[in-house]
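Undergrad: Residue strings, one per chain:
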Amino acid sequence: MTVSPNSVPALELSGLEKSFGPMKIIRGIDLDIPSGERHAVIGPNGAGKSTLFHLISGHYRPSGGTVKLHGDDITGLQPELIARRGLSRSFQVTNIFPQLSVWENVRCATLWAMGYKYSFWRNVESLTDARERTEQILTEINMLDRWNMPAGVLAYAEQRALEIGLAIASNADTILLDEPMAGMSHGETEHMVGLIRQVSENRTLLMIEHDMSVVFDLADRISVLVYGEVIASDTPERIKANPAVQQAYLGTEVV
Amino acid sequence: MNQKIDTRIPALPSGRRSSFLARYGIWIVVAIVLAGLPYVFSSGLALSTMCMMGTMIIFALSYNMLLGQTGLLSFGHAVFFGLGGFLTAWAMNAVVGTDSPLPLFLFPIIGGFTGLVFGVIFGAVSTRRSGTAFAMITLGIAELVSSSALILRHFFGGEEGITVDRTDMIHLFGLSFGPQIQVYYLIAVWCLISATAMYALTCTPFGRICNAVRDNAERVRFIGYNTQTVRFMAFSLSGLFAGIGGGLAAINFEIMNSAQMGVGESGAVILMTYIGGIGNFAGPIIGAVVVTYLQLMLSDITDVWQLYFGLLFIGMVMYAPNGLAGLLALQQPLLQTRQLHRVAPYYALALAPGLVAITGLSMVIEMTYQLSVKTAAGPAMEFFGVTFNANVPLPWIIAVVLFAAGVWLFLRAARLAGHVYSEAVTWRKMP
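The listed protein sequences derive, respectively, from chains S and E. Counting in the UniProt record's numbering, the first sequence runs from 1 upward without gaps. Counting in the UniProt record's numbering, the second sequence runs from 1 upward without gaps.
Isolated chain S (complex conformation) (with noise of 0.2 Å):
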């Protein structure tokens, strides 16, 4: 983290708002991550922590407020755009491509950081930025044993796994993790919370996780939504010692 207090947020949130119809799912959240900090969002189910990350990536589009990347606008646009200027998501629900192999999966997810766009009059076999980066990124996220395996064939922990792998393929400065560990055995939950603090070294990382042991472990600051409203943001421990969280939503679980 060599990043002036000064400096632009990596994302700013100011006024957001979000409504399905008469429901008010985001109640204007104002949120500022400094480049390079790890940052976690947690709250009570329906709080709106999902909602929240499909506003930022561009999945829905805000009913107010604006998003900031780095200072630039990003509000309302497409998910793609988003993706181009360096913030990556996974998803709760395993998201991948389960048809495509493991390498095909992350390979996909280099090629348009890698400026091959659309090209369709090279042969992708020949490219060897990419393929190299693939390969690191393989090795990075522990499975480059499982290359060829078609993805959807994956024990359930390697798709999460290969999920932070497309995250961090393109090379994106700020990625937003949802839930990375739900569903995990307490093993694979601590294999994970590695592979995470090492993928978001020199990176902005914004996740959303239930497992409060996992959240004060890698947190530099964590933000608390209750009912679409951030309610307290700040370090852990000043969190776990907050009233107002304690009896918003950790109440008797946090000791």
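By construction, these hints were calculated from the structure, which means they are not laboratory data. Glycine is no exception: its CB is placed at the ideal position from the N, C-alpha and C atoms. Any given hint could be a false lead.
[What the hints assert, rightly or not] Ranges between beta-carbon positions, derived for each pair: (1) E:ALA22 <-> S:LEU81: 32 to 42 Å; (2) S:GLY21 <-> E:GLU143: 33 to 43 Å; (3) S:GLY21 <-> E:GLY140: 26 to 36 Å; (4) E:GLY131 <-> S:SER63: 21 to 31 Å.
Please build the complex by placing chain E on the supplied structure of chain S, with the hints as guidance.
TA: Chain E alone, transformed into the frame defined by chain S:
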């Protein structure tokens, strides 16, 4: 996750360009086979059948760029085949007698260009949507073009269609294209060019992203791609190759008819592609060859051949969704472990009652047809060389027994074959 069956890391795709033979060997073999086929099947009927197959191979491969590669179900692909054919026909008629230097073998380019232009036009509309909405729009386009054929009677030639004379071009290298054999080689060369080009397309960044769109279009957007652009490009390019196929059909038949771009023809290409197998590049080739052959053969022996196609299609969709190519691909692990000889007898064992069941079923179909449609001919009919009266109970009982017994035995034998198959596939892993 900890139980790894095989701890060796399979060799990663190497960056080195593989040898010339490894890269192009298969296409050289295909070229030699295409060149040699007329020496094996030299009759006039065989030649014209192979010419038809060639155009259909291009057509089916171009359709699979949409269905198999990009996951787009189009009900109007014959539009591009037909328009490519009509424009080629008009271009040929335009240069007749003008001493134009254009030799015949360049005319499929006009078909391809037409297909591309209309692919761009119709693609701009239809690929704005995906899934069911896309399918409905293509159906609308198919109807639109079919009905405009009834209005623009001058251009589409009404009921009779547009006729051409392929021999009336400049005879470059002394090729008149009068004899069918010369047309065969013209189609074979274009078929090879188109198939190679379409295969090469699958090996490009664009081709891989098409596969990603097929698998999970929403996810593709988050890796930076506009899925509408991907669909549009795939649609336009498949129009180009369908147009080449249509141009060759115009040259081959020397007539273009508006039926060739109707919904029926669009359905036929779905049938071919699906029966061949959409998950494999070779699938549509197999489908085009098999379906074209069956069409010609069945229409010779029965009037209700389309009914059999419907049954075949339903059967394939239900029991072999990966098509004939998928069934062949299943045998690959057996070849690798040299176990095919163990399973093959069981395939034969299943095939025999299967044929019996089909015989029983087709007997019912033919007898029904004889009694309901061919009433003027009376109840006396011939089936497999046996003459009998369809209006008495005995042949019906025989047919039903054949069918029921065939199905029952087939299911048992198929289960047995499946059992032996899985045993043979896992054979190597046994201690």
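Undergrad: Now, for every hint given, state plainly whether the structure supports it.
TA: Outcome of the hint check:
Separation of ALA22 (chain E) from LEU81 (chain S) is about 40 Å and conforms to the stated range, judged on CB atoms against 32 to 42 Å. One distance hint, 33 to 43 Å for the beta-carbon pair GLY21 (chain S) and GLU143 (chain E), holds here, with the actual separation near 37 Å. Distance hint check: the CB atoms of GLY21 (chain S) and GLY140 (chain E) are about 31 Å apart, consistent with the given range 26 to 36 Å. Between GLY131 (chain E) and SER63 (chain S) the C-beta distance comes to about 27 Å, which sits within the given range of 21 to 31 Å.
The earlier numbered hints are all upheld by this structure, with none contradicted.
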